[in-house]
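Colleague: Those sequence lines, one after another, are chains H and W.
Final position of the first sequence in this note's numbering is 332; the numbers increase by one with none missing.
Final position of the second sequence in this note's numbering is 177; the numbers increase by one with none missing.
Hints listed in this document are in silico derivations from the structure and should not be mistaken for laboratory results.
Fair warning: this is a prediction, and the values are worked out from it, not measured in the lab.
Glycine included, every Cβ here is placed at the ideal spot set by N, Cα and C.
Since no wrong hints were added, every one of them can be taken at face value.
Okay, the calculated bits of chain H under chain W, using three or more residues with CB under 8 Å as the criterion: (1) 117-127; (2) 191-204.
Label pairs and their in silico Cβ distance ranges: (3) W/Glu77 <-> H/Phe131: 34 to 40 Å; (4) W/Thr143 <-> H/Ile29: 43 to 49 Å; (5) H/Glu129 <-> W/Thr143: 21 to 27 Å; (6) W/Glu145 <-> H/Gly114: 41 to 47 Å; (7) W/Ser48 <-> H/Leu59: 32 to 38 Å; (8) H/Tyr108 <-> W/Glu68: 42 to 48 Å; (9) W/Thr143 <-> H/Gly114: 41 to 47 Å; (10) H/Gly114 <-> W/Ser91: 42 to 48 Å; (11) W/Lys151 <-> H/Phe131: 18 to 24 Å.
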Amino acid sequence: MTNNSPRFGHTELPDEQHKALGRAVKFEWITLAFLALSTALVFLVLGNSQAMKAAWIEDLLSFLPPIAFLVATRVIRRRPSEEHPYGFHRSVGIAHLVSAVALVVMGAYLIIDSGVGLLSAEHPTIGSVELFERTFWLGWLMIAAMILTAAPPVYLGRVKMKLAEKLHDKVLYADADMNKADWMTALAAAVGVAGIGVGLWWANSAAALLISVSILRDGVRNLRGAVGGLMGARARTYDGAKPDPLGATIDEYLHGLDWVADARSRIRDEGHVFHVESFVVPEGGRTPSLENLEEARRTCIDLDWKVQDLVIVPVAELPEEFLPGVASTGGER
Amino acid sequence: MAGRQYIRRPILLCGLLAIAGCGLSIPTDPSGTLEDVSGGTLRVGVTESGEWVQLTPGQEPAGIEPDLVRKFASTRDAQPQWTQGSEHELAEDLKNGELDLVIGGLASDTPWSKHAGMTRPYAESTDERGKTIKHVMLVPQGENAFLLALDKFLLDRGAP
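Let's have the full structure, built from the sequences with the hints guiding it.
Modeller: Below is the structure:
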C-alpha cells in the first residue's frame, strides 16, 4: 500500500503481468464507457419490445464485471496485515460471486417474464417515432441500435480474454466471455424486432427467451466458478478448463531433489495467486537442513509469479487427510 | 468452442424471417387490421369527452376526434362505424378484436394502455388544474402497421 510498484498483495508482478494489468484496467474503462453509450442509446429506443428490454438489462448487468474487476484490482494491492494474514486476494472471488448472482437472478427473471409474454400471447406494440421531420416505425431504430452496439464488445472481449490468461484473472475472463457472446444478444434482439415487423408477434418474446437463457447460462457457469474459488477448490486454469499444471510442476521439482523421497502439494486459488502447501517426505527419514528447505522454497517461488505464498511441511508420510486421493494416485494431489 | 453452436440459432431465425418476409411490408399487422379497414369498415369506439368527443342521440359523433377519425377513414376508403360505451367497455372490445380504434379525449397516461396500443400524442391541452394533457387514441395491441398509418396521419395533419 505504501509504494506504487505493481503488486498483488506481497507478490511482485513480473513485467509481462504488469503490462497486462495496465492494459486490462484501460480496457475495462473503455468497456464501461462503451456500455454507458450503448445503454443510453438502447434506452432511447426501448419501446415495448421484450427482446430489447432483455438486451438492455443484459447491457446493464455487463457493468458489474468491469466494476468488480476495477475495485478488486485496487483492493488486492494491499499487503497482508495482522488482521488479514492471507492478504486480500479473495476480494476477486467476492466480486466474481456478486456478478454471478446478479446474472442468475436477472436471467431467471427474464425467462419468466418473456415466457409469460409468450404464453399469454401478448402482441407487442411498437409505434412510430418522429425524427428529422419524418414519421417512421420505431422498430427500424431499434434494429439500427442493436446492430450498432453488436460489434465493439466482441473486440473488447477478445483483447480481455488474452489479458485474463496472462493475469490468471477469472473475473476478467468471465467479463471477456460475456462480451464475446454479446453480439448474439444484439442480433437476437434485432431479429426479434424484425419479426414483429413482418407480423410475427411471438418472434419478440422468443428472442427475449433466447437472450434470457444465455444470461442464465452465463450466470450459472460463473456462479459455479466463483463458489468453487471461495470454497478453495483445486486450482484450475484461468478458464476453469483443467487443473492448473503448476501443481504437477512443483511436485515434480520437489520430487527431483536428492533429499526428498516423496512430495505432494495442495493448492488453493486465491484469485490471482496461489497458496501452496507442499508436503515432503525426506529421504531415509532424516530431517532436512534449514538450507535445504529454504532453497526448495525459493526455487518453487521462482517457478511462476503466481506462487508466492508457499509453505513446505516435512512429514514422515504423505497425510491422507490433507491430500485426499494420495494413496491411490501419483503426481499432483 | 461454446460459441459455435450459438451461431446456428440466429442464422436459422434470420432464414425463417426472410422466408416469412417475402412480399410483406414492414411493419405488418399480425391480425391484419390495416388491410381489413382499408376499403372496408373502421370500427370506432367513442365515449363522451368535452370538445374532443361530443355525442348527441340520433346524430353522428362530433368534436375534434370524430372529425379526425372521419378524415383518416377517408384516406383509407373506409366507412367509420361508431360504437358508444364507457371507457372500460370500449377497452374490453378493443382487446377482444371487436373494435379497431377507441377515442374519447384519452391522455397518454391512460391506464388502458396496458391492454391496448397507443398512438403518439398528437395534441396537447391544459386541464383546469393547469396540468398538460397529451392526447392519444387507442388501437389494438401489436397492430403496428395500422398504428403507424394512423400516427403518420395524425402527426402530419392532425394537430387541431
